Structures are given as C-alpha cells and as structure tokens.
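The residues making up each chain are set out below.
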Amino acid sequence: QKEVEQNSGPLSVPEGAIASLNCTYSDRGSQSFFWYRQYSGKSPELIMFIYSNGDKEDGRFTAQLNKASQYVSLLIRDSQPSDSATYLCAVNDRGSTLGRLYFGRGTQLTVWP
Amino acid sequence: EAQVTQNPRYLITVTGKKLTVTCSQNMNHEYMSWYRQDPGLGLRQIYYSMNVEVTDKGDVPEGYKVSRKEKRNFPLILESPSPNQTSLYFCASSPTGTGISYEQYFGPGTRLTVT
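Chains as they are written, first to last, in the working numbering: chain A, 80 to 192; chain B, -12 to 102.
One or more hints might be untrue.
[To be verified] Straight-line C-alpha distance at most 25 Å; calculated DSS-like pairs for lysine-lysine:
#1 B:K56 to B:K4
#2 A:K81 to B:K52
#3 B:K44 to A:K81
[Claimed, not checked] Derived DEER-like restraints, expressed as beta-carbon distance ranges:
#4 B:D43 to A:Y150: 24 to 30 Å
#5 A:G120 to B:T2: 23 to 29 Å
#6 B:E49 to A:Q110: 25 to 31 Å
For the record, the hints were derived by calculation from the structure and aren't laboratory data.
On a predicted model such as this, the values are computed, not experimentally measured, just so you know.
No residue lacks a Cβ here, since even glycine has one placed at the ideal position from N, Cα and C.
The following block holds chain A by itself, in its conformation from the complex:
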C-alpha cells in the first residue's frame, strides 16, 4: 500500500504570511506530484504539479520536490483569506500521463485577516 502523508492541521496563518504545507510519500518509484485545493463543499482543483527535483513557482505558489527525501511541499506566499481551503497532496505512479493517483488526507488552511 503506497502511503501519502500530510500534516493534518489545521494550519492557521495571518494574512500576508507564508503558509507551508508538507507531504511525504512512501513509494520511491513515484513519478509526478500534485497539489489540489478544495474549498468547503466544492470539487478539488489542481493548483500545482511538479515532476523534477527542485522548485517550481507559479505566482504566489511554490512547489518543492525532494525525491531523495521523498517529500513535496507547497509554499503560499502573501497568504490571503481566499486561500483558506483544504490542500490535498497527490502522487502519481506514472511520469508522462495520469494513472493511479494516491492522495493524502489533506491539510486544512485558514488565513485570518
């Protein structure tokens, strides 16, 4: 059974701060990694994916991948109240296409004004 572990949270940060979300995975053969955001009562939406070691930046979001240590993190800079949501980490067993996906249990983030 492949495991994906996330800080259960909840994580609470003030507006303007950096929110740091962490995820570890058990399978060294994992190929690609995703962060989804899910607002309460809504469907998940993809915000970042990464498949190479290092950092990937998109606006206020930075995904960091360290395959040797088997962790992937998401940093949200200048956090806004609209970032308040549950963040799901997911791991894919394939490199160039989606296949079987393993999700963590999610970290609930609250950004207070």
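Given chain A's structure and the hints, the job is docking chain B onto it.
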C-alpha cells in the same frame, strides 16, 4: 461549456438496491476516474480509465464496477450497495494522452447515502 457532469447529485438508497451514478464529459478527454471522499480520509481512487475499453483498479475498487464503452461516459455501478459506501463521489477527466497534461477536471460530486 466544457464540463464534467454527474447524476444524480444526491441519492439516498437502501442496502442491496443496485444503482448507477453517471459521469459524462464533453471535452474529448481520454482519462477518466472515480473517487470517493470521506471525512478525514481525503480522496481515494476507485477506478480509472486511460481510454475507451481500458479500465484499472484504484485504491478502493471493492463493491464497485465501471465501464468505458464511449469516450465521454464513465458510469460507476454499485451492484449491491452497503452502508460503508455512503460517501461523496467525484468523477474527473483529463486530456492525458495528448502530451504531458495533468489537469483533472472534477465533476460537482454525488452525495450517496446507503441506509
């Protein structure tokens, strides 16, 4: 409008009564998948399909069946529902197959209660 639709959105049923939750996408996506979401457990993949007539088990396939006879439809079948299948179900699709594309488009969800 490009979208993934699921029907029904809400369903209350009784143990053992066969049911089908439909999923349809109008984006010509190759990849489709079903998930269930339970409090404190995150999303768990039930089945996925890389293309027509190709389906594979996910994390929790027991008690579920799927079929992919057409590219746009991917129904989820519960032959004999049990209370432990009470959950929120999401269908998703992705254009995977046309290059590296990981965007999954999720349907609105189906809340199923089995009594």
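Results of checking the hints against the structure:
no.: 1; hint: B:K56 to B:K4; result: 24 Å, holds
no.: 2; hint: A:K81 to B:K52; result: 22 Å, holds
no.: 3; hint: B:K44 to A:K81; result: 14 Å, holds
no.: 4; hint: B:D43 to A:Y150: 24 to 30 Å; result: 27 Å, holds
no.: 5; hint: A:G120 to B:T2: 23 to 29 Å; result: 27 Å, holds
no.: 6; hint: B:E49 to A:Q110: 25 to 31 Å; result: 26 Å, holds
Violated hints: none; the structure is consistent with every hint.
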